[in-house]
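Chemist: From just these sequences and the hints, can you work out the full model?
As you go down the protein sequences, you meet chains A and B in turn. Numbering of the first sequence is given in my numbering, commencing with residue 120 and proceeding in unit increments. Numbering of the second sequence is given in my numbering, commencing with residue 1371 and proceeding in unit increments.
Read the hints as simulated data drawn from the structure, not as lab findings. All C-beta atoms, glycine included, are put in the ideal place defined by N, C-alpha and C. Keep in mind that a hint or two might mislead.
[As the list claims (entries may be wrong)] Some chain A residues near chain B, calculated using beta-carbon distances under 10 Å:
#1 G131
#2 K134
#3 A195
#4 A222
#5 V234
#6 G236
#7 T266
#8 E288
#9 T306
#10 T307
#11 H358
#12 H362
#13 K412
#14 K428
#15 K435
#16 G438
[Unchecked claim] If you want the ones that stay clear, here's a sample from chain A, every Cβ over 12 Å from chain B, calculated:
#17 L225
#18 K286
#19 K329
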Amino acid sequence: MSVLVYIDHSEGHFKKASLEALSYGAKLASQLGVTAEALLLGTVSEDLASLGAYGAVKVHQVGQESLNQLDAGRYARLVAEAVKATGATVVVIANNLCGKAVAPRLSARLKAALVAGAVALPDTSKGFVVKKNVYSGKAFAHVSLDTAIKIIALNPNAYPVSKGEGKAEVSALNVAVDPSKVTVLSTTQASGQVPLTEAEIVVSGGRGLKGPENWGMIEELAKLLGAATACSRPVADAHWRPHNEHVGQTGIAIAPNLYIAIGISGAIQHLAGVNRSKVIVVINKDPEAPFFKAADYGIAGDAFEVVPKMIEAVKKLKGMA
Amino acid sequence: MKILICISKTPDTTAKIAFTNNNTKFAAEGVQWIINPYDEWYALVRAIELKEKDPSTVLHLVTVGGADTEPIIRKALALGGDEAIRVNLDSSDSFSVAAQIAEIARQGYYDLVFTGKETIDYNGSSIGGMVAELLDLPYISLATHFELNGTKATVVREIEGGEETDEVLLPVVVSCQKGMAEQRIPNMKGIMGARTKPLKVVEPVAITPLTSVVAFELPPAKAGVKMVSPDDPAELIRLLHEEAKVF
Ligand SMILES: Cc1cc2nc3c(=O)[nH]c(=O)nc-3n(C[C@H](O)[C@H](O)[C@H](O)COP(=O)(O)OP(=O)(O)OC[C@H]3O[C@@H](n4cnc5c(N)ncnc54)[C@H](O)[C@@H]3O)c2cc1C
Ligand SMILES: Nc1ncnc2c1ncn2[C@@H]1O[C@H](COP(=O)(O)O)[C@@H](O)[C@H]1O
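Modeler: Rendered as structure tokens:
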């Protein structure tokens, strides 16, 4: 018996969302009185044994380079093999882009119950019940997983990374790898950037900023805070900003520690993508803007005056001015 | 070319979310229902565009739900699509829904199955992957562009911080999101035509659900916003640093 945690990676590094999943899996394993093991498909430049610091006792690897490309079908088959080999009764996987592709396939393959978008550890006092986000962040559901093997897809930023000491035992998982049915023709990736879903701080701009030429101060504030940038839907639709920055009901859903909304009115469809943020700051020149109702801190003022002063204050705080 | 498009019904994006029966049931009273935006704007409209390019294309819509989903599927037919199938099952278990769709797909020999990125109520993002696995087909998740070329498809999908262009042999299951197509409004001709398009109701195959919803919960209300003077943004930064401790 074990809790098996799937470790996603890109550009040779473990994904932060997967370290969260591993921390969660290790905690769950101790709750259940079993061990946590990790599974990595493909190759990374990091030391696999270092996953021991997050609670993995063993790390299994299928180290073919071709596995660095996501093919949901192939991944699900390999994870299913690993479940068999380790006798895992719970699989934990980050509910990021990779998890969303793989977890449902694995669920259907193993006929194992899946909760997609978990935000807390299971309640095992009566069955196995996991809390998940529903209604685009406007509510939670407590979902009972009613099969022997259970799959938990954990939302990014829902559980903290906990790092201690220790090295994991690393071993190669001996399984046949079939050729991929999907041919990757090309990839474009902005490397070195904080992915929006993993960012701890997000600075976001709306139509109140008037035009793309005014994004300099948004980018500067974001850079100073080590934050990712985001925008409202009309801003992406007008091509002021790239589509992958659009947050909300029809864009990306995020849950950073801090979300700073500048010149965004706070429409319900926008809130649906950001209402899981731990702290929300709103800068809007209209004191009646609906966003203030969802905010923790706010300034009713003109962004073009307020944001440069915020930048100065952050610089001072960081000893840069 | 035969395409199956998965259509689900969701509360309007502005609907108030509340629960009844001791927090076990969604309070549907007075709620307006819509086609799940991803299914309508992206999956369905892209399929309609493919049919416009090649009129021999056949578009079938499938929904798994009770009789109350029929207005939604009629609306989808009004946008486009040749006929609809409703599987008469109301279930909150993704696997049960996916198994019904897989069954319909198996019988219909489709070249393509389109789903939306996710339902905006259950937020499972699961049905497409499950259907693909049950049919043993490749699955391209979160696609932003889709082109057909003969027996192959070229699909662009979102990856963390970027995009990937894939080529895959048909048949394939694709989950669709923003970028695939532009929202359309049904015209009068479409609305009239939809009334006479076939809407077949079939009974579900027997499936044991894997999950069940025990209860719903609303998030705690916010304590209220702390306003800072526009003349003193430095105070905001101090509060974020010292009180909220977010940096
Ligand atoms: C089905 C559906 C799905 C949708 N999905 C999304 C989604 O995913 N994401 C999303 O964002 N939207 C979505 N929308 C659109 C949403 O309803 C709003 O229209 C949109 O969020 C508004 O964007 P905005 O706040 O940037 O612009 P506006 O609503 O125009 O607000 C601009 C704000 O800037 C303020 N402002 C103006 N000048 C200044 C200044 N100098 N300084 C400070 N503040 C200033 C104004 O007071 C105003 O509050 C969706 C809509 C529908 C119907
Ligand atoms: N009851 C249903 N009937 C038909 N299609 C559905 C149903 N539920 C979900 N889908 C499809 O599956 C996609 C993903 O749904 P979900 O996994 O619930 O987030 C949706 O965008 C729809 O295309």
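Chemist: For each hint, tell me whether it holds in the structure or not.
Modeler: Against the structure, the hints:
1. The beta carbon of G131 of chain A is not positioned within 10 Å of any beta carbon in chain B (closest approach about 14 Å), and the interface hint is therefore violated.
2. The interface hint given for K134 of chain A holds, since its Cβ lies 8 Å from the closest Cβ of chain B, which is under the 10 Å cut-off.
3. Against a cut-off of 10 Å between C-beta atoms, the interface hint on A195 of chain A holds, since the closest Cβ of chain B lies about 6 Å away.
4. The criterion of a C-beta within 10 Å of any C-beta in chain B is met by A222 of chain A, whose closest approach is roughly 7 Å, and the hint holds.
5. Proximity of V234 of chain A to chain B holds as hinted, the smallest CB-CB distance being about 7 Å (cut-off 10 Å).
6. At its closest, the beta carbon of G236 of chain A sits 6 Å from a beta carbon of chain B; the interface hint therefore holds under the 10 Å criterion.
7. Residue-level restraint check for T266 of chain A holds (minimum Cβ-Cβ distance to chain B is 5 Å; threshold 10 Å).
8. The beta carbon of E288 of chain A is not positioned within 10 Å of any beta carbon in chain B (closest approach about 29 Å), and the interface hint is therefore violated.
9. Given hint, T306 of chain A at the interface with chain B, holds; its Cβ is 5 Å from that chain's nearest Cβ, closer than 10 Å.
10. Restraint check, T307 of chain A versus chain B: the minimum CB separation of about 5 Å is within 10 Å; hint holds.
11. The restraint placing H358 of chain A at the interface with chain B is violated, with a minimum CB-CB distance near 13 Å, outside the 10 Å limit.
12. With a least beta-carbon distance of about 6 Å to chain B, the hint placing H362 of chain A at the interface is held under the 10 Å criterion.
13. Of the supplied interface hints, the one on K412 of chain A holds, with its beta-carbon coming within about 7 Å of a beta-carbon of chain B, less than 10 Å.
14. Using the Cβ-Cβ criterion of 10 Å, the hint placing K428 of chain A at the interface with chain B is satisfied: the shortest such distance is roughly 4 Å.
15. With its C-beta approaching chain B no nearer than about 8 Å, K435 of chain A sits inside the 10 Å limit, and its interface hint holds.
16. Because the beta carbon of G438 of chain A sits about 13 Å from the nearest beta carbon in chain B, more than 10 Å, this interface hint is broken.
17. Listed as a non-interface residue, L225 of chain A fails to keep its Cβ farther than 12 Å from every Cβ of chain B; the least gap is roughly 8 Å.
18. Every beta carbon of chain B lies more than 12 Å from that of K286 of chain A, the smallest distance being close to 28 Å; the non-interface claim holds.
19. Even its closest Cβ contact with chain B, about 18 Å, leaves K329 of chain A beyond 12 Å, as expected for a residue assigned away from the interface.
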